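Residue numbers (our numbering), protein chains in the order written: chain S, 609 to 925; chain H, 263 to 571.
By construction, these hints were calculated from the structure, which means they are not laboratory data. Predicted model only: the values in this text are computed from it and were never measured. Some clues are possibly wrong.
As the list claims (entries may be wrong) - Okay, the calculated bits of chain S under chain H, using three or more residues with CB under 8 Å as the criterion:
hint, segment
1, 781-787
2, 881-891
As the list claims (entries may be wrong) - Pulled from the structure, derived: some chain H residues nowhere near chain S, Cβ distances all over 10 Å:
hint, residue
3, Val-488
4, Met-531
5, Val-544
For each residue, glycine too, the CB sits at the ideal point set by N, CA and C.
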Amino acid sequence: MANDEQRNAERVLFLPVGWALAHQPLMVSYADPSGKTPRAMGQGRTRWAKAEPDGPRPILQFPRRFLEVRPFPPLRFFRLRSDFVCVQYHCMETISRYASIWWNALVHPEQSGRLVIGTEAGARFDWFILAASAVLYAFYGLSMGLFHSFASGLVSCVKMPFLFLLSLAVCFYPLYVLNCVLGPRLSVRQTVRLLLVAISANAAALGSYGPVSLFFTLTAFDKDYHFLIIMHVVVFGFAGIASLFVIALAFRAAAAELRKPLRPVFIIAWGLLYAFVGTQMSWVLRPWVGCKGVPYTFFRTVGGSFIEAVWRVMHNF
Amino acid sequence: MTDQTRTPKPEERDNSQSNQGPSGPGAPVFGGPARETPPPIPPPIPPDGSPPRRPQPAVEEPPVCEAEFPKGFWKSADYLLHHPNEVLESLHRDKGLVEMSKTLLVITLGMAVIYGAVMGATNLLQGSTMAAHEKLLMIVITAIKVPVLFLLTLFIVLWPIYVSNAFMGARHSFRVVVAEMLAAMAVTSTTLASMATVIFFFALTSETYDFIKLLHVLFFAYAGVVGLTSLIQYVRELGYRARRATPRFLFFIWLLLYAFVGTQMAWVMRPFVGSPGEKFQVFRPRQGNFYESVFKSLGKVLEEKPEKK
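Chain H on its own, in the form it takes in the complex (with noise of 0.2 Å):
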């Protein structure tokens, strides 16, 4: 019974008339035509008993060397966004990371200018209240209040993140920690900038305050995931080359770190932008919550639909 009930396996089927079946010859023939050379032998499985690996390329990789920023500007924000693998071999070899982090420190500061420069803009392209001469001091002050805001987040941060880092994990040298801060700050500010134009043209074509202000919020927040995504990537590999144990959940506790020293220095900094209504103001007295007042827009902005109709 087992003979005549088996499937035909493939090298046994007949292709020939008589044994299409009720189908018929034009049918499909199901598990495929009759194999003229045999399926190929499977790759062999390493004897440590990992899962076998996928073929590597025939073209090799070019070996890593140590990074070397170009002179100029943009030229040296466009290395680091291209050559990552150039900076984590730097931090390994632990050379050259006081010109770079000298580099990539003019990087941040750059990029942060540009950025604070189009949120001081959004009260001169969109019309408000004050005076002229304001809306243009209001770009300057913008303009040296988010590289200021980048550093001093970097100054508190740095020291907990040593601290923690030796203790729990990779234990790097002071001047590598900075250097990996900084590379993660530059990678930062120029996502952040990078989101200047999108932000520009939302502040020339829409009216509502707290809707940039949200925009504001979560390019902020994109970027800082971004570069601290960046620095764990770095503080993980440089742990995996030197061979010391990687931190995990301290990783999430950097990340709130960060998010909560930013965000109360945003507070403290205040105004970036300037709210429609109130005079110009280099600084506001200290009253209220970053999470208020961004929970209070949110409340305003999804509200709106349901009253104007």
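So here's chain S without its partners, still in its complex pose (with noise of 0.2 Å):
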């Protein structure tokens, strides 16, 4: 009918004219959440077209003018920027409130009972986990593969989330029976979020070692790529050793916290089975720093075992 394509025409013709008009000014304070912008961009007669004089919305809601008219194509795919702006500071907000409570979950094991067993935090604080280990373990695969080149460092620095987190994935039903069977009878979330806790400890003393590692990388010589993979292997351990202290301390808060006992072999047999694992994989996974006078690919043929490359390694240094 011409009069209902005359009528589409017309929303289509809405949507770019509504978002000009609606077009917020570029700078917006995130620390202001009143909604006030400087007067830097514009002196004296500009008036700033602001949709929402009260400020920034404090969760994201679905803008209300626009459930009148129902355009096609659907505007949920068009925002005005100040939802944008909400949402920003709000995730902000709460990356920073799940930041602080999970350093001093690391700084204070000892009372991150509560924490594990979920009344602090609510299950958003797990993915948050996830990305912060990610991106510490990345720092520090950058590091180890800018040895041979930039492109074998941005490799490295996408394999490293990768092998912890397989790691924990392939011991986790190991530890969740065992913990059943022998230490504090958690559920399956509150087993998670206390692995990823023990993960996120061994990824901030690992991180923590980034720059010195990254400096050893890039002040090191062709010949030094022995001396090089020994650094890692000793850094991986004292990473381990040191973030094993505060894991045995999450793990005892968390059992005090429900009042059920642990037995020191569950917090052992977990050390275990994780490190013979995560070895198995760092090898699965390799290379991770890349000799210089070999061309760098992604991963070598599987063959051997780690003990014996890192035997081999020695006998050469």
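Two chains, two separate frames, one set of hints: put the complex together.
Have a look at this one:
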């Protein structure tokens, strides 16, 4: 029908016009929730078109003014800039809150019982920990791979989080059953959070060494490949041992919070199993550093074992 | 002389500057500053002379009921893992044991099937010389063999355990002993199935058959130890509740008996994984010994390193 077509055409035109009219100025200060922008971009008679004079909304809501009109294509793909600002503000506030909770849990692991049980933070905290650990591991992977070339640095950067998180995925079910049989009988969600806190402790320890490893990698000559390998192995070992203390205290706090007994065998078995699977995974996902003369490949053929390789490297060194 | 040389008590010590001594006001005061409140009174010693107990938490634990297994395989396995006290209560009251035994049997067999499938899949993942249909058949056959292994071991071991229990310890009825053993077997096979992911990962990424065989033996041993520990705890707790004697060294004998019967049964029912050089067979001819094979594998795995150098 011609009338419908004309109406549809009008609706389509509404979108860019509405978008242009509702366009917010670029400079919005995040720290100032009242929405007042500084007068740096325009002076005097410049009036800022504010769609929200009361300041950004704390929670993202579907803008009600679009509910009266049902244009085609649907307007949900078009958002006001203030909507993005609300999301960013809320995200940053949540992230900083989670970061402070996480840091407190790492620095005072004996008080992290309630966090693991789940009373302090919701399910989004698990995703935050996952992302934070991935970022820290990626930074260390970058420092490892930069020895060969920039591309190898990027590849190692991507592979490192997978190393630890895949090891955790492989080990999760035995650890859950061990937790039910030997240790505090945490539920699946609580076990996931406990293990993620443990992984993030390891990530924090590794990430703190990242700048030093970066320095060594960037200032090393080609012949220092074996030295670097040994340094990385030692660093991984120290980070693991350092994080084991944090992990043991976190496990103990979780058990104490639920008033259930915890046997030390549980923590030792956890450490052994994770170390075992982790070393095999690191062998499978090699190369990490990349010898200078050899062209860099994403993965080498599966063969041999981790211990044998370390033995060989120590002999060469 | 004693008045001047004895160390001053906390309430007598004077923290003014003149009394600090050569270390000065900033130095730590040994023994702590003077107390404002008196130290807390320790808890009274009970009249029978036993050592004073740690104060119990204010939250009372809910009373333990009989076990009620939910419907569903995974849910009932999870229930078994999370509520051993309820299972113990059912065993003690001797109620609903037949239904519980059926559920536990299903859990045992199901978990054993899972682990058997992963065991048989080793050949598929490592690229051995067997034909493709033989590899799939291996998975099915091993998935049938592992639960049968558990069942046969249970049947063989049940009678000596019942009789020794009757003679030397808590005299439970046959139904209770069967249910206890099935609960222990369910815990064993659940623990075993939990290692399936680890074994799958190692089968995918390592090429040495002997190493994987040793891993299997290790995981079976670990699961057996866990299951027997839970059996021992059930028997001991039931003995305490019925105020009957609890056998001590008998538990060790049960452990040995279970280990021997289990290993011999596994050797008789081999192959589970299938050596890379041998052809496909459902059962191999009776040759050698389980322990001989394990020691040979150990030797091969340990000898690998100096040879490859």
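Cross-check of the supplied hints:
1. Counting residues of the segment 781-787 of chain S whose CB falls under 8 Å from any CB of chain H gives 5; the rule of at least 3 is met.
2. Residues of the segment 881-891 of chain S with a Cβ under 8 Å from some Cβ of chain H number 5, which satisfies the need for three, so the listed coverage holds.
3. Distance check for Val-488 of chain H against chain S: the nearest CB is about 6 Å away, which does not clear 10 Å, and the non-interface claim fails.
4. Residue placement check: Met-531 of chain H keeps its beta carbon more than 10 Å from all beta carbons of chain S (closest about 25 Å).
5. Here Val-544 of chain H stays apart from chain S, with its beta-carbon at least about 30 Å from theirs, past the 10 Å limit.
Checked against the numbered hints given earlier, this structure breaks only hint 3.
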